[in-house]
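Undergrad: Produce the entire structure from the sequences given, and follow the hints as far as they go.
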Amino acid sequence: MSKPSAIRTTGIVVALVSEARTLTSRNAQPDGMTPLDQGAALWLSGMGPIAARRAAQGLADAGATALAVFGVAGALDGRLRNGSLFCPEQIVDERGRAYPTDAPWRTRLQQRLASTQLPLHTNGSLLSVQNPLLTTADKSAAQQRHAALAVDMESGAVAEVAGERGLPFIVLRAIVDEVEDTIPAALNNSVDAWGRPRPLALITALCRHPSVLSDLPRLYSRMQRATQALSTAAKATGSAMAWPS
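The end of the sequence shown is residue 249 by this note's numbering, with every number in the run present.
The reader is advised that the hints may include incorrect statements.
Listed next, with one range per pair, are the computed distances between beta-carbon atoms [to be verified]:
1) E98 with P221: 29 to 35 angstroms
2) L210 with T139: 17 to 23 angstroms
3) L210 with Q115: 44 to 50 angstroms
4) R99 with S235: 32 to 38 angstroms
5) P104 with R12: 23 to 29 angstroms
6) R116 with R200: 27 to 33 angstroms
7) P214 with R99: 37 to 43 angstroms
8) T139 with A102: 21 to 27 angstroms
9) A189 with Q94: 26 to 32 angstroms
10) P248 with S218: 46 to 52 angstroms
11) Q121 with S29: 22 to 28 angstroms
12) D65 with T139: 35 to 41 angstroms
13) S119 with L204: 42 to 48 angstroms
14) S119 with A189: 36 to 42 angstroms
No lab work stands behind these hints: they were computed from the structure. Bear in mind that the values here come from a model prediction, so they are computed numbers and not experimental data. Just so it is clear, CB atoms sit at the ideal spot from N, CA and C, and this is done for glycine as well.
TA: This is the structure we're talking about:
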């Protein structure tokens, strides 16, 4: 995968191991590229804009003709429920910059996803932030300031690279936490950048904050439903995410 001709179609940025597993049965390596069918490839970046920018640049350097972000996001609007899909019209960042997604590509995705019967939202903006929004208050403040429907940490950086390289760009997210959900900081800090559990940190968090144990079943159920939606979407759109070869 080191040759520039390795990708002939879509380069897909995914932050988490669980997201990568919905696209391929291969063992995707952190901070690296994994080939997919149809001349596409994914890059398992880890969370955050710095990692996502590095991934997008790596995919573009390897020959990607389009860039996509695929994975989970948090809702900022009550209409987006756990397990629904969001393919936004544009990405906005905390500095007020806006990055439109490719409209014809978004239409093709919508057509492919119609057969899944999953709830799909294709209007509105997705907010891309530096740090996670863990509380209802944080989400509400972000929604009021930016008028976005959902939030992630990677799409803004990938959109910026796509603009620099002149590449079509799109985002497809499954909603994991709803707007009224709070994610305990102790649990959020118990996973690494790729979403893998850090056992010692988790044990420490549970010892110091035993009340968060009651949140685990809800969070697990939310993630399971979101990743199932991603798996269904991946099968419907194909490895290139409906981008023509």
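Undergrad: None of the hints should be skipped; say for each whether it holds.
TA: Verification of the supplied hints:
1. E98 with P221: 29 to 35 angstroms: holds (32 angstroms)
2. L210 with T139: 17 to 23 angstroms: holds (20 angstroms)
3. L210 with Q115: 44 to 50 angstroms: holds (46 angstroms)
4. R99 with S235: 32 to 38 angstroms: holds (34 angstroms)
5. P104 with R12: 23 to 29 angstroms: Given about 25 angstroms between the Cβ atoms, the range holds.
6. R116 with R200: 27 to 33 angstroms: Holds, since R116 and R200 (Cβ atoms, about 30 angstroms apart) stay within the stated range.
7. P214 with R99: 37 to 43 angstroms: About 40 angstroms separates the Cβ atoms of P214 and R99, which means 37 to 43 angstroms holds.
8. T139 with A102: 21 to 27 angstroms: With a Cβ separation near 26 angstroms, T139 and A102 satisfy 21 to 27 angstroms, so the hint holds.
9. A189 with Q94: 26 to 32 angstroms: This hint holds: roughly 30 angstroms between Cβ atoms.
10. P248 with S218: 46 to 52 angstroms: Roughly 48 angstroms apart at Cβ, these two residues keep to the hinted range, so it holds.
11. Q121 with S29: 22 to 28 angstroms: holds (25 angstroms)
12. D65 with T139: 35 to 41 angstroms: Roughly 38 angstroms apart at Cβ, these two residues keep to the hinted range, so it holds.
13. S119 with L204: 42 to 48 angstroms: holds (44 angstroms)
14. S119 with A189: 36 to 42 angstroms: holds (39 angstroms)
Comparing the model with each earlier hint shows no violations; every hint is respected.
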